[in-house]
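Asker: Chains as they are written, first to last, in our numbering: chain A, 1 to 202; chain B, 1 to 392.
Hints listed in this document are in silico derivations from the structure and should not be mistaken for laboratory results. Mixed in with the good hints, there may be bad ones.
[Claimed, not checked] Heads up, incomplete: computed chain A residues facing chain B, CB under 8 Å, no partners named:
(1) 66
(2) 119
(3) 150
(4) 162
(5) 163
(6) 165
(7) 166
(8) 168
Just so we're clear, the structure is a prediction, and the values are computed from it rather than from any experiment. C-beta atoms are modelled at their ideal positions from N, C-alpha and C, and glycine is treated no differently.
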Amino acid sequence: MKEYCMRSGLEMYNDLISSINSAVTNANASLISPGEEEVGDSSVLVNPESIFEVMSFLKPLYNGLQVISGVDYTEYIEVCYFLAHFDPENPKDVMIKTRLKDRQDPRLNSISSLYLAANWQERECYDMLGVSFNNHPDHRRILCPDDWEGFPLRRDYKVQEVYRGMKVNPENKMNRDDQLFEDNKQKGNEADLIAWALSKGL
Amino acid sequence: MQTWDMDLEELKEEETSLPGSKLKTELLTVNMGPQHPATHGVLRVEIKTDSEVVAQAIPHIGYLHRCMEKHCEAIDYRGILPFVDRLDYLASMSQELTYSMAVEKMLGTEVPRRATVIRMIISEMQRIASHLMAFGTYALDLGAFSPFLYAFDEREKILTLFEDISGARLLYNYFWIGGVWNDLTDKNVEYIKEFLDNFEPELVKYDRLVSQNRIFQERTMGVGTLSLADAHSFGATGPVLRGSGSAWDLRKVDPYLFYNEVEFDVPVGEGQRGSEIGDCYNRYYVRMLEMVESVKIIRQSLKLLEPGPTLGKVSKVIKIPKGETYTRTECPRGELGIHLVSHGEKTPYRLKVKSPCFTHTSILPHIAPGQMIADFVASIGSIDIVLGEVDR
Chain A
1 MKEYCMRSGL EMYNDLISSI NSAVTNANAS LISPGEEEVG DSSVLVNPES IFEVMSFLKP
61 LYNGLQVISG VDYTEYIEVC YFLAHFDPEN PKDVMIKTRL KDRQDPRLNS ISSLYLAANW
121 QERECYDMLG VSFNNHPDHR RILCPDDWEG FPLRRDYKVQ EVYRGMKVNP ENKMNRDDQL
181 FEDNKQKGNE ADLIAWALSK GL
Chain B
1 MQTWDMDLEE LKEEETSLPG SKLKTELLTV NMGPQHPATH GVLRVEIKTD SEVVAQAIPH
61 IGYLHRCMEK HCEAIDYRGI LPFVDRLDYL ASMSQELTYS MAVEKMLGTE VPRRATVIRM
121 IISEMQRIAS HLMAFGTYAL DLGAFSPFLY AFDEREKILT LFEDISGARL LYNYFWIGGV
181 WNDLTDKNVE YIKEFLDNFE PELVKYDRLV SQNRIFQERT MGVGTLSLAD AHSFGATGPV
241 LRGSGSAWDL RKVDPYLFYN EVEFDVPVGE GQRGSEIGDC YNRYYVRMLE MVESVKIIRQ
301 SLKLLEPGPT LGKVSKVIKI PKGETYTRTE CPRGELGIHL VSHGEKTPYR LKVKSPCFTH
361 TSILPHIAPG QMIADFVASI GSIDIVLGEV DR
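Could you put together the complete structure from these sequences and hints?
Answerer: Shown next as C-alpha cells:
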C-alpha cells in the first residue's frame, strides 16, 4: 500500500512501467516522482491514445478502480486514474496519469467496459473538466444540470450569467461582507477591521 | 451486465406481455425523490416499473452540489477543514481525519502521540454514532419505528461527548492540522468508559430486537445481492465490500494512527443466519458487528492515553511544497480519499474528494432491476448513503 508513496517503492514502479511498455506498444509509460523540493506520491504517465490498452493490461493486476480525478494545468489537462487491488493478502495501488494537450476537445477512450466504476467517474470528469470519453454508454453531465454551460473545474471557468431566464449571482444576493473583510485585511487596516466587526456584532 | 444500457423496447416485449393474453402493458415511470423519506436526502431515482417490479432505476444526483472542490481552490488549508465537515455530515470527525492526514503527510508534520490516540478514540466513537444512525434509519425504512428511538438514545450520548469537547453537535472542526483542538479531560474519559459499559448490553438488545427479527430477516435476506467481483469492479469499500465477503479493511491492511497497536477483527458477511452473501442483511449485519469491534478498539485506545501535548508544531501560515498526494482512510461508509495537488501556495491547486457514497450510489442501477419497489427501498437503505458526500 505504501508502495506508491515516493522513494519507498520506486522499484515496484520501474517493474510496472517496463511491463506496461513491453505489453502495450505506444504506451510510452514513464515515471513521475517528486523532485528535490517537492513532496508526495509518485505516479505513472502514459500516452492518452493508448489508455484503454494500458487499463486492459492492468485490469488483471488491479481489480478495482477507486476514482478518476482531473487537474487543469492550463497547458494541458491531466486525468488521474487511481487503481487498487482490493485483496487483503496482497494490497497494492497505483496512480496512472495521462495528459491531454487539446483544450478545445479533450478526448479519451472510455474504460467503462473494464471497470463498472468508470461509468460515473468518467461522467464526473466530463462534467467538471470537459473531458469527453469515446464509447461511453451514458455520456451525460452528472452533478451540474444537463444544460449547464462550461466546465467548472477548468482554471479559466466563468459562471454563466443567465440560466433558464434566471440571473446567476444577482447583486442583491451576493455576500459583500467577505469581500469587505478581505479588502480591509489586505490593507492591514486593523482599526477599520475591528470597527467593521463591531458593527456586525461579532 | 450494464443494466443502465438496457434496451427498454426489448424489455417491454419480454417482460410485460402476459402469457395467454392479448393485453399489452407499458412501463410506468415513477420518480422517487428528491423529497422522499426513503432516499436519505435529496436523491432522485427515476424508476421504470412493470407493475410493482423495478425494470430500470436511474439515479439523478447533484441536488446538493455545493461546488466544494471549486471553493477549496480559493481557501487556505485551515479554512478547508469546516468544508470537509460538511461532506458526510453524519461522520464529520472521520472526514476531518482524512483531510488533516493528507495535509500532514505533505507537510511532514509529526502529530503528538496523545493527539493520535485521541483521534483514534474519537473517530471510533464517530463510527459507532454513524452506524447507529444507519441502523435506526434502516429499520425505519423497513417499517419498524422503535429501533430508531433506541439508536438515537445512544447516539445522543456520543453527541453530548462531542459537544463537550468541540462545542458543536454535528459539524465539529475538532481535528486540526497537527493534532486536535482540545484535550480530553479525565471527566471525558470516565464518560466514555461509562458509555461503553452501557452500550454493550444495548447491542445485544438491538440484535434481539432487529437482527433476529423474522420480519426484518424476510425483508432483507436475499435482497439486493452484490457479488464480490462486481463489488470490486464498482470500487466498493467499507461495509458494502465487506458485506460481499471480502475482509478488506484499511485499518488492518494499511494501518494508520495506532490501529496496528490494538487488536480487533474485521467483520465479514458470511451469509450469517441463512442469508445470502452480499445481500442487504449482510451489509446491515457487518455494521452491527463493526460496532462491537469499535467498542474493543476504544477500550484498548483508552489504555494508550498518556499525558502530553495535543497539537504538533505547525507554522501559522500553512504553505505546502509542490507535489501531490492521495490519502485514504476507512470512514464509516467506506474509504474516503483526498487527492491533493499543491503548487507551493497557501491554497491547494486542486482538491478532489473520492467519496465512498458516490461510488456506492452508482451500484443502485446494477442491483435494482427485478426487485420489488419496497425491496429497492431496502437496497438504498442498506448501502447507507449521505447525499452531502455524493454531491459534494
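Asker: Hint compliance check: list the failing hint numbers for this structure, sorted ascending.
Answerer: 3, 4, 5, 6, 7 and 8
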